[in-house]
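Just so you know, this note's numbering puts 129 at position 129 of the sequence shown, and the rest follows in order with no gaps.
Please note that a few of the clues may not be correct.
Stated by the list, open to error - Label pairs and their in silico Cβ distance ranges:
{"hint": "1", "residue 1": "D111", "residue 2": "F168", "range": "33 to 41 Å"}
{"hint": "2", "residue 1": "S158", "residue 2": "A53", "range": "22 to 30 Å"}
{"hint": "3", "residue 1": "D85", "residue 2": "T159", "range": "19 to 27 Å"}
{"hint": "4", "residue 1": "N174", "residue 2": "A146", "range": "20 to 28 Å"}
{"hint": "5", "residue 1": "G54", "residue 2": "I87", "range": "16 to 24 Å"}
{"hint": "6", "residue 1": "A146", "residue 2": "A53", "range": "33 to 41 Å"}
{"hint": "7", "residue 1": "G86", "residue 2": "F157", "range": "21 to 29 Å"}
{"hint": "8", "residue 1": "S158", "residue 2": "R59", "range": "30 to 38 Å"}
{"hint": "9", "residue 1": "I87", "residue 2": "D123", "range": "14 to 22 Å"}
{"hint": "10", "residue 1": "T159", "residue 2": "E118", "range": "33 to 41 Å"}
{"hint": "11", "residue 1": "L145", "residue 2": "G101", "range": "20 to 28 Å"}
{"hint": "12", "residue 1": "G171", "residue 2": "D46", "range": "38 to 46 Å"}
{"hint": "13", "residue 1": "N4", "residue 2": "G156", "range": "37 to 45 Å"}
What the hints contain is simulated information worked out from the structure, not anything from laboratory work. As the structure is a computational prediction, the values presented were derived from the model and not from experiment. Every residue gets a Cβ at the ideal spot worked out from N, C-alpha and C, and that includes glycine.
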Amino acid sequence: IKPNRAAETVAGGAIFSRIVDERIAMQVGIDADGKPYVKYESENGDMAVAGGAGLPAARALADGSWHHLAAVYDANLNTLRLYVDGIYEYAYAAMLPPISGEGTLYLAGGDSDTDVLEAGLLDEVRVWQGILTFDNIRDGMERLLASDEVAVDEFGFSTAFLAAYYRFDDGGMNIEDFTV
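Take these sequences, add in the hints, and give me the full structure.
Structural data, given as structure tokens:
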């Protein structure tokens, strides 16, 4: 993401949202102060959040600079992690997993007007099924991926596969999923 927070513009919004039954199954974005976050809602309605305005020490993303954000939910460790520019910055110890089921994927927004990404540019959005490691994130953050990319751990075992890949580089008016 490349935030653009002009003084008269309200910044922030969702970069990517997955909504299930009008609830946030997963969302990555930046808040009005330019601080990155990842959040989800559990089956019982609890919200899990890593990063964002809730952390006084959280840093805002600089205007005019590109930043790489990666969010990982690890069901084995019950953690929600947010990486900023390849650095593990925020974590949340989740008590319950995200809401599950069939849902809708939104880019640059969510299912409400308050989630719209109003000031910023997106270069790529990747959605993975499974768990990415720190090395997976660092290895893939500055390169184009193959449409059938698979992430592996240090032992060579598959840990995630690329479920959706939006590159925004074809110059057209339509957004293409390059995994199809």
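Evaluated hints:
no.	hint	result
1	D111 with F168: 33 to 41 Å	21 Å, violated
2	S158 with A53: 22 to 30 Å	36 Å, violated
3	D85 with T159: 19 to 27 Å	22 Å, holds
4	N174 with A146: 20 to 28 Å	21 Å, holds
5	G54 with I87: 16 to 24 Å	19 Å, holds
6	A146 with A53: 33 to 41 Å	37 Å, holds
7	G86 with F157: 21 to 29 Å	22 Å, holds
8	S158 with R59: 30 to 38 Å	34 Å, holds
9	I87 with D123: 14 to 22 Å	18 Å, holds
10	T159 with E118: 33 to 41 Å	35 Å, holds
11	L145 with G101: 20 to 28 Å	27 Å, holds
12	G171 with D46: 38 to 46 Å	43 Å, holds
13	N4 with G156: 37 to 45 Å	41 Å, holds
Consistency note: the structure conflicts with the earlier hints numbered 1 and 2.
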